[in-house]
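Novice: Residues per chain, in single letters:
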Amino acid sequence: MTRKIVVAALGAALAAAAGLSFYASRHLREPVVAGPGVVRVARLGDYFAPLKGAVNDANVYILEGKEAGGTVLLLGGTHPEEPAGRLAAWIFAENAEVARGRLLVILSANRSATTVTRLGGAYPPDYTIPTSWGGQTFRMGDRWTNPLDQWPDPEVYLHYPSRQQLAYVDIRNLNRSFPGRPNGTLTERTAYAITELVRREAVTIAIDLHEAELQYPVISTIVAHERGAELAAAASMFTSSMEGFAIGVENSPKALRGLSHREIGDATEAISLLLEAPEPFLDATRGRTTRELLLSGRDEFIVRAGRRGLLFEKIGDEGWPIDIRVGRHTSTVLQLLEIWSADHPDQAVVVSGVPRYGEVVEKGTGAFLKDPKAAGSGRLAYE
Amino acid sequence: MTAIVTVLYYLLTASVAVLLVWNFVKRKNWQEEVLYVIVLIPFLLRLLRLK
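Listed in order, the protein sequences are those of chains A and B.
Position in the first sequence counted from 1, then plus 10, gives you this note's numbering.
By this note's numbering, the letter at position 24 of the second sequence is numbered 8, and the numbering carries on one by one without gaps.
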């Protein structure tokens, strides 16, 4: 009997330690200091009432210029385990000033997916970006909605409304759920809310920020809906010749449903684009899955895979540090806005105060994250 | 419908957890007791909505 009590107590201690760790990770608060351009913070639930108060009732930072123009939506956190997308969006929300048009920024498009890590993936629960004021910690997140918020997965996932059969687990993948379904799962309702936002705010361009493993062929590229092909091609050319890094263009395939670059473009008037940066952390051949790998992008096994020609992007011993990945996103978005604004003056979105690739690489991502302790009254929000 | 299926899955999880506890109580061998306790942990974490 004593032995059973000891074994049960050990099991309870293990469960408590694991449970506390998961609880702390799920409830870690991420502060956002509303930048000079933010005029108000709306919620996704404002565009689709059933989402109000739900875990995915995400903040929508609205930055508005004095002059009228177009409206651009930046989506970060569609896949939270791709942190450069969230961090680039964070830099826009905390730093951008808008002279013309409007910029809408979502940092946690699938907020539920920020509260979990990949089951069995041994992911770190969080990561910290060093700053001059000490560092900001972010939830690691996953590709899929937290099973605590949407469970179980079906045997077969039929995308709505196309009825295309997708991988069963992708029923929790926001980027396989667009344009969404008002009476569907949490993930489908979230996609529907974002699509409603695009419609109601008359968004001109929707840009979804991602990262990809180096073994995935769609990498270091702008994936463009056909109405955005010219814009993406021009941005690719200017970025590759002026910014210090190369980025390609891919056409959004019409046969693969549920992705933002396809469905937002089809369901609304907006031009939909998706940006991919390289993230070695996601590669299946990686070594230890650590915070260091997430932020440095250095891994000897992936380098070996590269030497054997198994990757779709180059990698050297220097890896793919987070600052390079974030800088790629900020510069590409700025190029897209500048080219669009030059070609469409009546729909221009003119933004300043956001660092380009060279500046992010030189100073680090943390140089552009604001100290929440120094935030003015009413300027602090939490993700 | 989705909510009903979710509730059913939580009931299934609870049933398996009860079975695991019952087996733990009935074991005579300490190695099997440890095994049942370890297997029980993810079921408990899901029931407590921690993971």
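Read the hints as simulated data drawn from the structure, not as lab findings.
If you're wondering where the values come from, they're calculated on a predicted model, not measured in any experiment.
Just so you know, even glycine gets a beta-carbon here, dropped at the ideal spot from N, CA and C.
Any given hint could turn out to be false.
In silico DSS-like links for lysine-lysine, alpha-carbon gap of 30 Å or less [to be verified]:
| hint | chain 1 | residue 1 | chain 2 | residue 2 |
| --- | --- | --- | --- | --- |
| 1 | A | K383 | A | K76 |
| 2 | B | K12 | A | K14 |
| 3 | B | K10 | A | K383 |
| 4 | A | K383 | A | K62 |
| 5 | A | K324 | A | K373 |
| 6 | A | K383 | A | K373 |
Here are some of the chain A residues that sit facing chain B, going by a computed Cβ distance under 10 Å [stated by the list, open to error]:
| hint | residue |
| --- | --- |
| 7 | R13 |
| 8 | A18 |
| 9 | L24 |
| 10 | A28 |
| 11 | G29 |
| 12 | F32 |
| 13 | Y57 |
| 14 | A59 |
| 15 | P60 |
| 16 | L158 |
| 17 | Q160 |
| 18 | W161 |
| 19 | P162 |
| 20 | L196 |
Derived CB-CB ranges, DEER-like [what the hints assert, rightly or not]:
| hint | chain 1 | residue 1 | chain 2 | residue 2 | range |
| --- | --- | --- | --- | --- | --- |
| 21 | A | S387 | B | V(-11) | 45 to 55 Å |
| 22 | B | T(-14) | A | A265 | 24 to 34 Å |
| 23 | B | I22 | A | A243 | 51 to 61 Å |
Novice: So, for every hint listed, does it hold in this structure?
Specialist: Going through the hints against the structure:
no. : hint                          : verdict
1   : A:K383 / A:K76                : holds, 29 Å
2   : B:K12 / A:K14                 : holds, 9 Å
3   : B:K10 / A:K383                : violated, 56 Å
4   : A:K383 / A:K62                : holds, 28 Å
5   : A:K324 / A:K373               : holds, 24 Å
6   : A:K383 / A:K373               : holds, 21 Å
7   : R13                           : holds, 6 Å
8   : A18                           : holds, 6 Å
9   : L24                           : holds, 6 Å
10  : A28                           : holds, 6 Å
11  : G29                           : holds, 4 Å
12  : F32                           : holds, 5 Å
13  : Y57                           : violated, 22 Å
14  : A59                           : violated, 18 Å
15  : P60                           : violated, 13 Å
16  : L158                          : holds, 5 Å
17  : Q160                          : holds, 8 Å
18  : W161                          : holds, 6 Å
19  : P162                          : holds, 5 Å
20  : L196                          : holds, 9 Å
21  : A:S387 / B:V(-11): 45 to 55 Å : holds, 46 Å
22  : B:T(-14) / A:A265: 24 to 34 Å : holds, 28 Å
23  : B:I22 / A:A243: 51 to 61 Å    : holds, 55 Å
Checked against the numbered hints given earlier, the structure breaks hints 3, 13, 14, 15 and satisfies all the rest.
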